[in-house]
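Novice: For the protein sequence lines, the chains are A and B, in the order given.
Residue numbers for the first sequence follow my numbering, so the first one is 1056 and each next one is one higher.
Residue numbers for the second sequence follow my numbering, so the first one is 12 and each next one is one higher.
Calculated from the structure, these hints are not laboratory results.
Because the structure is a prediction, the values reported are computed rather than measured.
Do not take every clue at face value.
[What the hints assert, rightly or not] The calculated lysine-lysine pairs, modelled on DSS-like cross-linking and capped at a C-alpha distance of 30 Å, are: (1) A:1449 x B:403; (2) A:1226 x B:278; (3) B:117 x A:1670; (4) B:250 x A:1459; (5) B:187 x A:1425; (6) A:1670 x B:148; (7) B:200 x A:1449; (8) A:1529 x B:143; (9) A:1449 x B:255; (10) B:468 x A:1425; (11) A:1425 x B:250; (12) A:1582 x B:562; (13) A:1449 x B:143; (14) A:1080 x A:1670; (15) A:1670 x B:311; (16) B:468 x A:1459; (17) B:139 x A:1471.
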Amino acid sequence: MDIVWIIQLFILIPLFGFLVSLFIKPGSEKWLSRTAYITTGLNLLLFIGFFVLWVISGFETLNLKEFVVYRSESYEFLIDFYFDKVTAVYLFVGSFLTFLIIAYSRYYLHREVGYKRFFNTVLFFYLGYNITIFSGNFETLFIGWEVLGLSSFLLIAFYRNRYLPVSNAVKVFSIYRIGDVGILLAMWASHHLWHENITFLRLNNYDLVHEHISSHSEIGMFISFMLLIAAAAKSAQLPFSSWLPRAMEGPTPSSAIFYGSLSVHFGVFLLLRTFPFWEHQPVVRILIGLLGFTTAVVAFFIARVQSTVKSQIAYSSIVQIGIIFMEVAAGFENLALIHFAGNAFLRTYQLLVSPSVVSYLIRDQFYNYKENSQKGGAYFPSRLSNSIYLLSLKEWNLDRLMNKIAFTPLKKAGHKLDFLNMKNVFLFFIPVYLVGIYFHFHQEYIPSYILNYIPEVFSFIAMIMVLKAFSERKLPRLAWLLVIMAHFWITLAVSFNEHFDFSHSLIYLSGIIPAGILGYVSLKMLKNHEPDHFSLNGYYGHVYEYPRLSFVFLLAVLGLMGFPVSFSFLGEDLIFSHIHENQFFLAFFNAISFIVGGIALIRIYARLFLGPHVKNNHENPYRSA
Amino acid sequence: MFTKVSTQESSIAIFNKAETLHKLAHFLPAQSPLKDFIHHNTLHAFQDLPFHEALRKASAWFGYKVYLSLSEYRNLYHSGQIHDPILDKCILEITRTDAPEVWKKKLLYGEYDISLSSCIGLFRNLWKEQYKFNLDKAVFPFLFRVVGSYLDQGISIWQFPETTPGFLASLRNLEKNSLWGMLKGERAKKLLLDEETTLEKLLEIVVGKPEYFEPYLFDQQFSHPGWSGMVSVIEHNTKSLLDKRDISLHDFIFFELILEIDALDSKFNATWAPLSQVIEKQIQPIWGEVPEKELDVIYKIWQQAYEWSYFDQVLKGLPRKSKSDTEENQMPSFQAFFCIDDRECSLRRYVEQLDSDARTYGTPGFFNVEFYFQPEHGKFHTKVCPAPLNPKYLIKETDSQKAFEKDAHFTKHTHGFLGAWIISQTFGFWSAVRLFINIFKPSKSPAMVSSSAHMDKLGKLSIEYNPNCESEEGLQVGFKTDEMADRVEGLLKSIGLLKDFAPLIYVVGHGASSINNTHYAGYDCGACSGRPGSVNARVFSYMANHREVRKILAERGIVIPENTFFIGALHDTTRDEIDYFPEKDLTVEHAVLFQKHRAIFEKALHSNAKERSRRFILTDSHAEAAKVHEKVKLRSVSLFEPRPELNHATNALCIVGRRELTRHLFLDRRSFLNSYDYRTDTDGNALLSILRAAAPVCGGINLEYYFSRVDNQKLGAGTKLPHNVMGLIGVANGMDGDLRPGLPLQMLEVHDPVRLMMIVEQKPEVVLDVIQRNAATYEWFKNEWVLLSVIDPVSQQVYIFKQGKMMPYECVTSEIPTVQHVELLMESTAQNIPVLQLI
């Protein structure tokens, strides 16, 4: 019996459930929770049934070539689904835990402001989860990946009127985006490696992989390395680890399931999924193993000094994930899968019962107290032990390190451009852009040695605009326009590559333009209502008064960042496919623009609409709370 | 440059360190670590001012929201919970206006700028405004982590190295004795290590001019009041931690200033000027006068109208038209002592309904026996009496059979390397099963807090003083006979039970059970310092059954018949179960009676659970009481239930008088009930001791609910759903947040923020005299933090206490409706129910 068709139900059911949940009244707890309950329950049942059929069919690896979204002679964008052992385990853990958490949250979230938002977001997350684990190629995986990133942002910032959840949400989102660079560049490089839209199924073909990689070993290394960056960011491995405990700002069940179990194991998933690709690159395997090992050791010490229950669980989980990385690197796929499932269940439960730790441990202390029982560093001489203690208390400076190597340089670069304002941006860049377009159609006027550099120069301009948008302190609309313009520059830059089909630009801009206009109008409206509280210098929390406008603007943000809600997403991939193999800088600049642009947009949204409400006509929490 | 040499002397003259620290500690939140949750007036620092003035100042100085919002009041008015005639009356009383309709219009439709502005934080905000530097972000996470790790009571596996010498000394040791310090810059390091460094010196570097020291410290400490308050509480009450820590607010501030200097140095390379040098415009001082604005009057009127819309009904309903003391003369079938707790109000009603000859009494739930309790194998003493008392006695448990189950989910091995590697692949799957069971079939587990775990009912207690037994830590083990007699006599006199003792008398303490509840201690008996009252109930019963004690009592005129037997018991207010602790085997006659009474209690508990269930929206209250009861019990063991019970929510009254005064009224579990017989207390001494305890305890509970409800963000703990446990001492949001004192939202959504009305049955002149005998007690009433009224037992005239006088009060409410079937009422609404007369 052919069971492949069932796969699409695993996507359609959550999609349907999510869409339905969007249209339920916020006050109707019963219907919201029921929708989520039925959706996840159905999925769990479907999994059980499907699993039985799959076992009967002899654990056959399945591939469903869903549909081709776009095709031209050199390029094909297709949605492809895939099912094997890895998917099966992830599907089991995911559907089981999500179902339980939904059942749990039906009561736990009772009367909470944002009840609807919570269930919407969880279902959205679940949709992304299923798309990712069923994905049969990088393009499909990337769709799911993006959904996961956004829903994580929304869940961490669930308490959107407080400062810490919002700033942590932006931080986690930024680190996820850095991971996304890895996937984007890996996708770009694999276009060139395979000259086709490679499916994960075909990666299992040893001869094929071997043949390609042995002739292009650098590209193979590059792809693997990029995948490792993406996996490390998602699974909170070094140097990204410090985001995980900071993600636990939402209601406890959501932290339990996402950051305790599902979200954080996606790096492992990516590695397992691409294992056949890097299996025969010993350097890569050693690198993965070493990364896992170092992370496990560092996180082990950090976990030991944590005095808050959730951060302790977070770091303990990182230790295990580090070990799972080692297992994957060693090729113990089954062990890694079992370890993943056990760790996910354990941490979810530990987080859920974490409030009980007070009574349990105080009782324990009352009856079993021994002085100095928590001497953790007794194995070392005191000077060394004190030093390790302090270092661990500071989380080995990982948080500072992330800022130092990633965000501060970006900001600094952006601040070098502080001379840019609305006026000179328009007066200078628009004419230049028009000149650029003119030369695009009259390339014969340009000497060929210049022509070769034009794409890089233009994409560099795009990157500069995005950096400025990212570091802009005052003017939201300027930042917004800069991101829009960056997209145009990117399009122009790539269009100088010879085989370029102009319709590809249109596909790309088809989503950017309406989103740009929508967002600009939203900003304009907000500015008219709140002229005194309209800046990027701090958080304003306007969602308190303008929840609808905030939602509309969020949609515009998604459109403009090339989120898979419009064709721009496809266009992005298309654009990358036009970057030549040797145009590494072009790819790099574009990737940076893409990543930093996304962060800049989320930052505009967060600063204007989220955070402590600027008006004090109602109770407001302390900023430190 | 910063090294401006100003004279140390002048700074001392303007800045008095001790005074400022004292002032800070006074205004900071005073909530103890989680294991002892004791309700108190959140704005205790303002208690020397009249209520509304205090609120106005607290709001202007600290930015607290202190009333419901205007729209909430207006909604209450439109939904009929604020009564129109009462509102009119309040307008006249407060404004003394000739044109009440103008005010009424303002109240109902006036538009005001309701934004809260505060003086706190303005000065320190200059770091952001002038220096463009987010100092908080640079300092707070590490500061909180250090102090949290230092105070941690057992979460971290690797404890803070060397906690014994004290916070600052420990930090110095750590800084000296490690390869890299915690500080980045040399200057900060030097300042920390130099033991000569004074707070003034650090303030001079950071702030500059001494006159700005105090404002700066207030700004600084109130930017994270949670941790500062916790440090101050631990400093002043070392017993609040089992694993002792030596820390003071001074040391904490000292370290924070060092961190600030370090952060500023590394940002500006030591070329920054102290903050007072960059002041551009005058900074509004914190302690300025706060003139009363029209909006303040509006709030005052609304609040008073809201309160009196309820109190007026109560005062109308309480006095009895026809005196029917006949039933009193009948011999009671049994008697039961309960805690004054508002949660016992309805249970007593059901017991009396089921057996009209039963008599119930209310008295603070430690039953007048104050002592420390040490369970077998316990390493510490637990205070089980009101927090302000300092008992000299210790009761020890022996022969306990109790053993605590372990739960591997809390074991440290899950946080390790190899151990956790094995655990997560094996035990991890058991977690999945456990989770499944816990969600679909919740049951008791080791993670829960059970009221019955406080004491082993089969264990022995060292109640009797043994001269051979040495005292422990200055505490006498057990009570001598005359000491027992004093306590029993004191209690019986206080509640006015001096004759007509029934064969069986139940002494019912109370406690609560819950799971996943960080604030569990706040659910137990407040009169037992947040512990269940089971040991006290047992100890009191033992004393009252004691042959020698009874002899002494008889000499003092209280004759307890041979046949009377006291039985200790514990009411679990979450699960609505009663556990009994008879001290010895019952006689046949008693056993028969006991069976009968047990059945009555059982039935009353079913009804009580059903009555409570009407507030739990997700529980169906329509079913039969016993079935609803089962559902209610599940709440105490369900991981996913943030509201195992609603605790003191809706409390509004404290009635001090005989049960005859209240027995005919349905008070909707809103009243503390303290038994008191004016006839046996002509000099008012018994009343004095009741009020001395009841005003702070009930008033503290009431005001903590009030403030946590009106400003759940700054004065309450916010929603509990994201809470993270910090060091077992407090909760915070997320990992880097400040501690959140106060009550979480889930405890008080249904609470009506009204002040407590204390109603005493006694002659007004006696009450007036009694309340003035103790200054601390008088402050509560004089400044109207607790309202007071008196019912003259002879004339049945109602008086209210106002401006130092007892004024006769005429009720606005004309009639109190009657109700026949309370059970049906329970199924009809989840809202507050007005005062009703029971038939």
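Novice: Hint by hint, which ones does this structure get wrong, listed from lowest number up?
Specialist: 1, 4, 12, 16
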